[in-house]
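Asker: One-letter residues, chain by chain:
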Amino acid sequence: MSEFHAEATQWNRRDFPTAAREVLQNSQTRKNVKHATTVIQAKRNKVVAELPDWEDLREAGAQVKAHTLRHLDYYLKQFEENCTRAGGHVHWASDAAEANRIILGLVQQHQAKEVIKIKTMTSEEVGLNAHLEANGVRPIETDLAELIIQLGKDRPSHFVAPAVHVNRHQVRQMFQREMDLPDLGDQPEDLAAAARSYLREKFLRVRVAISGANFLIADSGGICITESEGNGRMCLTLPDVLISIVGIEKVIPSFRDLEIFLQTLPRSATGERMNPYNSTWCGVHPGDGPKEFHVVLLDNGRSPILADKEARQTLQCIRCAACLNACPVYHQTGGHAYESVYAGPIGAILTPQLNSMSEGRSLPYASSLCGACYEVCPVKINIPEVLIHLRGKIVREDQAKFTGKFSLWNIGMHAAAFLFKDASRLAMAEKLGQVGQKALVSKNGFIEWLPLMLNGWTQSRDLRAMPGQSFRDWWAKEKAPYADNSKRDEKSSNG
Amino acid sequence: MLVSLFITCYNDALFPETGKSVVSVLERLGHRIEFRPEQTCCGQMHWNTGYLREAVPIIRHFVRVYRDAETVVVPSSSCVAMMRDHYAKAAEMDGDAGLVAEINTLLPRVYEFSEFLARKLGIEDVGASYPHKVTYHASCHSMRSLHLGDIPIRLLNNVRGLELQPIQNMQECCGFGGTFSIKNADVSSAMLADKVRNVLETGAEVCTAVDNSCLMHLYGSLHRQGAPVRTAHLAEILASGDGARA
Numbered sequence: 109m110s111e112f113h114a115e116a117t118q119w120n121r122r123d124f125p126t127a128a129r130e131v132l133q134n135s136q137t138r139k140n141v142k143h144a145t146t147v148i149q150a151k152r153n154k155v156v157a158e159l160p161d162w163e164d165l166r167e168a169g170a171q172v173k174a175h176t177l178r179h180l181d182y183y184l185k186q187f188e189e190n191c192t193r194a195g196g197h198v199h200w201a202s203d204a205a206e207a208n209r210i211i212l213g214l215v216q217q218h219q220a221k222e223v224i225k226i227k228t229m230t231s232e233e234v235g236l237n238a239h240l241e242a243n244g245v246r247p248i249e250t251d252l253a254e255l256i257i258q259l260g261k262d263r264p265s266h267f268v269a270p271a272v273h274v275n276r277h278q279v280r281q282m283f284q285r286e287m288d289l290p291d292l293g294d295q296p297e298d299l300a301a302a303a304r305s306y307l308r309e310k311f312l313r314v315r316v317a318i319s320g321a322n323f324l325i326a327d328s329g330g331i332c333i334t335e336s337e338g339n340g341r342m343c344l345t346l347p348d349v350l351i352s353i354v355g356i357e358k359v360i361p362s363f364r365d366l367e368i369f370l371q372t373l374p375r376s377a378t379g380e381r382m383n384p385y386n387s388t389w390c391g392v393h394p395g396d397g398p399k400e401f402h403v404v405l406l407d408n409g410r411s412p413i414l415a416d417k418e419a420r421q422t423l424q425c426i427r428c429a430a431c432l433n434a435c436p437v438y439h440q441t442g443g444h445a446y447e448s449v450y451a452g453p454i455g456a457i458l459t460p461q462l463n464s465m466s467e468g469r470s471l472p473y474a475s476s477l478c479g480a481c482y483e484v485c486p487v488k489i490n491i492p493e494v495l496i497h498l499r500g501k502i503v504r505e506d507q508a509k510f511t512g513k514f515s516l517w518n519i520g521m522h523a524a525a526f527l528f529k530d531a532s533r534l535a536m537a538e539k540l541g542q543v544g545q546k547a548l549v550s551k552n553g554f555i556e557w558l559p560l561m562l563n564g565w566t567q568s569r570d571l572r573a574m575p576g577q578s579f580r581d582w583w584a585k586e587k588a589p590y591a592d593n594s595k596r597d598e599k600s601s602n603g
Numbered sequence: 003m004l005v006s007l008f009i010t011c012y013n014d015a016l017f018p019e020t021g022k023s024v025v026s027v028l029e030r031l032g033h034r035i036e037f038r039p040e041q042t043c044c045g046q047m048h049w050n051t052g053y054l055r056e057a058v059p060i061i062r063h064f065v066r067v068y069r070d071a072e073t074v075v076v077p078s079s080s081c082v083a084m085m086r087d088h089y090a091k092a093a094e095m096d097g098d099a100g101l102v103a104e105i106n107t108l109l110p111r112v113y114e115f116s117e118f119l120a121r122k123l124g125i126e127d128v129g130a131s132y133p134h135k136v137t138y139h140a141s142c143h144s145m146r147s148l149h150l151g152d153i154p155i156r157l158l159n160n161v162r163g164l165e166l167q168p169i170q171n172m173q174e175c176c177g178f179g180g181t182f183s184i185k186n187a188d189v190s191s192a193m194l195a196d197k198v199r200n201v202l203e204t205g206a207e208v209c210t211a212v213d214n215s216c217l218m219h220l221y222g223s224l225h226r227q228g229a230p231v232r233t234a235h236l237a238e239i240l241a242s243g244d245g246a247r248a
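The listed protein sequences correspond, in order, to chains A and B.
Residue 120 in this note's numbering sits at position 12 of the first sequence; the count goes up by one each step and never skips.
Residue 113 in this note's numbering sits at position 111 of the second sequence; the count goes up by one each step and never skips.
For the record, the hints were derived by calculation from the structure and aren't laboratory data.
Computed from a predicted structure; not experimentally measured.
Mixed in with the good hints, there may be bad ones.
Below 30 Å or equal to it, Euclidean Cα-Cα: the simulated BS3-like pairs (lysine-lysine) are [to be verified]:
(1) A:587 x B:22
(2) A:546 x B:185
(3) A:539 x A:488
(4) A:587 x B:185
(5) A:539 x A:501
(6) B:185 x B:122
(7) A:501 x A:529
(8) A:587 x B:122
(9) A:539 x A:529
(10) B:185 x A:417
(11) A:513 x B:91
(12) B:91 x A:417
(13) B:135 x A:529
(14) A:509 x B:185
(15) A:509 x A:488
(16) A:142 x B:185
(17) B:122 x B:135
(18) A:501 x B:91
(19) A:539 x B:185
(20) A:399 x A:417
(21) A:539 x B:122
(22) B:91 x A:142
(23) A:513 x A:529
(24) A:151 x A:488
(25) A:509 x A:185
(26) B:91 x A:509
(27) A:488 x B:135
(28) A:142 x A:154
(29) A:551 x B:22
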């Protein structure tokens, strides 16, 4: 199927405008994304409106997360202590390579050739599947959307609904081919039944499971996972060994705090009042569930974010993806244009920061700053504010380089700032503009072509030419002579 | 009341009719208006594009020009949003506590135009008459930063002869976003295409908003397509007619 990238589980690292241009030409993908996000967002708006204390829940969630991040060292150590006491094993991974090494080592200790997985974007972040495959271990995704991505050799485009860019007709074709089911129908029940019989056998056979986590609970050492399909519950209970890979920012102080997040997360993520499956577990228990339980705590670029006062709120994210579903940019491009496991507005701030601003540098600009993301965020991450902060970092870094200092953008922005510091310069520039624009203005009074970067505007838009008289000229001619400005002049001379 | 106008940079150069309309509406309502020719820009383009340090002198200039003003009225919600959401932060970043204090004293006296009418003056009928089919685009900053709610709609509903046409997805961004429209021209154009489709489906003759930036963007496409829809800032609609109130 041409829509799927052959063997393309790696990100291409193209910049956002380039990758977006390609997606914008794929009308099927755009249709799928727009349809799915519209449906989820409508459901989300409906169930959020049911809660009279929604704004209080947002505030409470933000406060709990911000508090935990300020004392992250304390809560992580508390989690480690309590998890260990309950019979779990806690591992610390400073980066992706270390996390992969730890997990592969555990899998090999048990001579496992296969592992079953619950959807975990953190494992996508570290490229775990590729690492396991390269070492002779076959990872089997059990979340329906992740299974679709895996069978299609595709990449996730949405971290709650990874296959949001694919429709059921495309899924049917893939299942027909990959599961050898030539007569499969395309009704949702047909597809679910096919996936179920494909997966059941694996749940019963495979002895090692890998999961992520929604929350680490410090005061009990417990872990919480919310899901819709029940595949998670299977992976958490049937295998002998369970390995959970979790970003360090996922910790919350106590079980009691779930009261907030188990209301806000499902409503924000899937438009459900409650997730069908909410699993919390603590260590190991003889005769019940896995015999061995490991948690891999992943840093992988999170600590430096914590150190940045302006951007720290990025780590409050509970991965609900409400910002993706609300984002007018994401509606157009879907997730692949972000070239990152974390797409959409949160991806635009998270991805470059996780990579110390060395990758994803175009992402902070992939937003019109419309604020729809902040409006829906259940933990009140002011994404537009962080986007601007990151743009500021990028501009400053670029200005330190010769090519950045002498770029058209930098020169243009400095020229504009020079004009805006003094109205007489601005008035002069307006006059020059009124004359200078003549070469560009068409007979109809509009500018239909602009040079250099301004050409981006005229590719789809005309621009009104500057009228011969600015407001300030009109005021000076028509109004100022009759206004009593004596009081004003006296004041401005003091300023 | 003495009202000081802040006619933001692009309104000054490209849309002088909007400023004139603000003058006309406020004069009709019996207020004295002044324009301070020292004024320039709010600094939003620099700030939002990441030129944070470069935005600070522009912000300082604004504060210097208006610090003694009784009331400042701005016919652009995004410029007011820039002030309320970012000015204090910019001054803090610059380490200028004096400027922070001046900003905090000045900003409560700064209003977006429709906000000034409805919230400060308590007026929703300015006596305008505009016998046209009109649709309203709710700009992002007017909704999510200024929380204007239905103020512009209430003002429009009181205009004689105006038929307000509801629009699908009124709250979705038009795709302008300042330099976003250039840096991400393809995505911006795709967003605009959706917005323009929604505008055309209303059957309105005129699309209005409280921001000429969105309208400049929208009209850029409408003009390119030769579509029979004009754009007009809310102030221009409210300035039409003789101003006689019921």
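Asker: CA of residue 539 of chain A to CA of residue 185 of chain B, is that 30 Å or under?
Answerer: The hint holds at about 27 Å.
Asker: Hey, residue 587 of chain A versus residue 185 of chain B, does the alpha-carbon distance stay inside 30 Å?
Answerer: 39 Å, violated
Asker: Given the proposed pairing of residue 91 of chain B with residue 142 of chain A, does the C-alpha separation stay at or below 30 Å?
Answerer: This hinted pair is violated, its Cα atoms lying about 36 Å apart.
Asker: Are the Cα atoms of residue 509 of chain A and residue 488 of chain A separated by 30 Å or less?
Answerer: 35 Å, violated
Asker: Holds or violated: residue 509 of chain A and residue 185 of chain A, Cα atoms, limit 30 Å.
Answerer: It is violated: about 42 Å lies between the C-alpha atoms, which goes past 30 Å.
Asker: Take a quick look at whether residue 501 of chain A and residue 91 of chain B sit within 30 Å of each other, Cα to Cα.
Answerer: 15 Å, holds
Asker: Given the proposed pairing of residue 135 of chain B with residue 529 of chain A, does the C-alpha separation stay at or below 30 Å?
Answerer: 41 Å, violated
Asker: Taken at face value, is the distance from the CA of residue 185 of chain B to the CA of residue 509 of chain A at most 30 Å?
Answerer: Since the Cα atoms of residue 509 of chain A and residue 185 of chain B sit roughly 20 Å apart, the hinted pair holds (cutoff 30 Å).
Asker: Is the Cα-Cα distance between residue 399 of chain A and residue 417 of chain A 30 Å or less?
Answerer: Distance of about 42 Å is beyond 30 Å: violated.
Asker: Between the alpha carbons of residue 551 of chain A and residue 22 of chain B, is the straight-line distance 30 Å or under?
Answerer: 26 Å, holds
Asker: Is the Cα-Cα distance between residue 185 of chain B and residue 122 of chain B 30 Å or less?
Answerer: 38 Å, violated
Asker: Assess, step by step, whether the Cα of residue 539 of chain A is no farther than 30 Å from the Cα of residue 529 of chain A, and give holds or violated.
Answerer: 17 Å, holds
Checked against the numbered hints given earlier, this structure breaks hints 3, 4, 5, 6, 13, 15, 20, 21, 22, 25 and 27; the rest are met.
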